[in-house]
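Q: With the hints as your guide, set chain B onto chain A.
Those sequence lines, one after another, are chains A and B. Just so we're aligned: 1314 in the working numbering is position 15 of the first sequence, and the numbers increase by one with no gaps anywhere. Just so we're aligned: 1171 in the working numbering is position 80 of the second sequence, and the numbers increase by one with no gaps anywhere.
Calculated directly from the structure, the hints in this document are not laboratory data. Just so you know, not all the hints are guaranteed correct.
To be verified - Simulated restraints, written as ranges between beta carbons of each label pair:
hint: 1; chain 1: B; residue 1: His1374; chain 2: A; residue 2: Arg1322; range: 42 to 52 Å
hint: 2; chain 1: A; residue 1: Thr1372; chain 2: B; residue 2: Leu1324; range: 55 to 65 Å
hint: 3; chain 1: A; residue 1: Val1399; chain 2: B; residue 2: Arg1094; range: 45 to 55 Å
Quick reminder that beta carbons are idealized off the backbone N, C-alpha and C, glycines included.
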Amino acid sequence: MTAEAQSTEMPSDNAASTAESIRRLRGLRAVVEDAVEHGASAVERIHLATADVPFNVLQRVPVLEAPVREIRTVHDEAVRSSYRIARMINRAVARSLDAVLDVVERG
Amino acid sequence: MGRRLEQAIGALNGAVGDYLARTSNGLATTMAFYHADRRLETSPEAIQTAHPGATGRLVILVHGLMCTEHVWQFAIGSELVDYGSLLAKDLGMTPFYVRYNSGLRIDDNGVALAELIERLVDAYPIPIESITLLGYSMGGLLVRGATRVGLERGYRFMSLTRRSIYVGTPHLGAPLERWTRSVTGLLDRLDIPATRLAVELTSLRSEGVKNLGDAHAFPLVPSIHHYLVAGLLSASSPPRTVAEGVEASPTFLADLIGDLLVPLPSATDGGVAAKTYSSLPAHVKVLRDVDHVGLAHHPEVYAHVRAWCAEES
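Okay, chain A solo, but in the shape it has when bound (with noise of 0.2 Å):
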């Protein structure tokens, strides 16, 4: 190969290089996501289901049931309000992450 082709050839694999960095910072950012999705909700759903033990057992008490039901209703929102805006934040900062990617990309 000459000097001159490797000078023509020298930016398009520049172009190819970065093309394929932001795919893998894309799909990166992808995987992370997802993780962080699937897991709270994978947590959420152990959280929910250890809760429920203690509960159970202290509804079966006829003077506890009514109170401990309205603890439970409580305990149960708050642990799914933690882990909903745990998700939110994620989806937000991935959102961003994008849009940045989408910026590198068209500079």
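A: Leaving out everything else, chain B in the frame of chain A:
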């Protein structure tokens, strides 16, 4: 950094590569030949540029689960070599390194490999005298699958392929995956939140990993020579070859441990096992004190590979 990044992506592909491919993720590897860390197109020009001194004797190297072609590399002095570069130097063979998504189904990768080799044959700039297929671990199963597909479809590369060499290949499956299945099945029956999480996490492993638990579904293609290399950790007795005139007695431990991931009967396609053992056939080599990972880059393995490749050369 580049090499480590490629290795990390290779590992990720092995772990969850089916998910990456399903979601069209940019980290999913598409099967291709790689030369000097770059994708090598199967065109006469690209092949000639990568291999200006290309010969008619090809060796195609297929890596294993969760790795890339870098797994073949080892140092001799200050020089970084691999089985392919050594075969090029010693026997004038031209090496082609396959990189693929090892998280996909092994059958599917076998089909893709057959198609890739056929494209290479079509594009090769000079007449091909012979092809040697060299597969490490899961890569051996791909080679096995590709030769089956090649035979069924009447691909040209099959008439040129002289030999397949399987290094640490789990022909009869890998027990670690079977144990994982059993434990996961057991945990799944327990209605405990913590075990449910463990089952969910374990179930994320790729189709490629899950396939490793199964034995091959078809016999070796009879029209080519097959050679097998197995590792055997020192906890068990070393078998000897017939040439050495000694009949050894592998123990139950040899069957069980093998190279730590692949037991001796699996790596030798059922050819060597404590129950049926009398002596090693010539096409089987068992290396003592070499673990599974070490088989991909070991001078002694190369010595056997070279000797087999030198036959009929």
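Q: Indicate whether the distance between the beta carbons of Val1399/A and Arg1094/B respects the range 45 to 55 Å.
A: violated (27 Å)
Q: Quick check: does the Cβ-Cβ distance between Thr1372/A and Leu1324/B fall within 55 to 65 Å?
A: 57 Å Cβ-Cβ, so the 55 to 65 Å window holds.
Q: Taking 42 to 52 Å as the hint, is the beta-carbon distance of His1374/B and Arg1322/A inside that range?
A: holds (43 Å)
When held up to the earlier numbered hints, the structure conflicts with hint 3 and nothing else.
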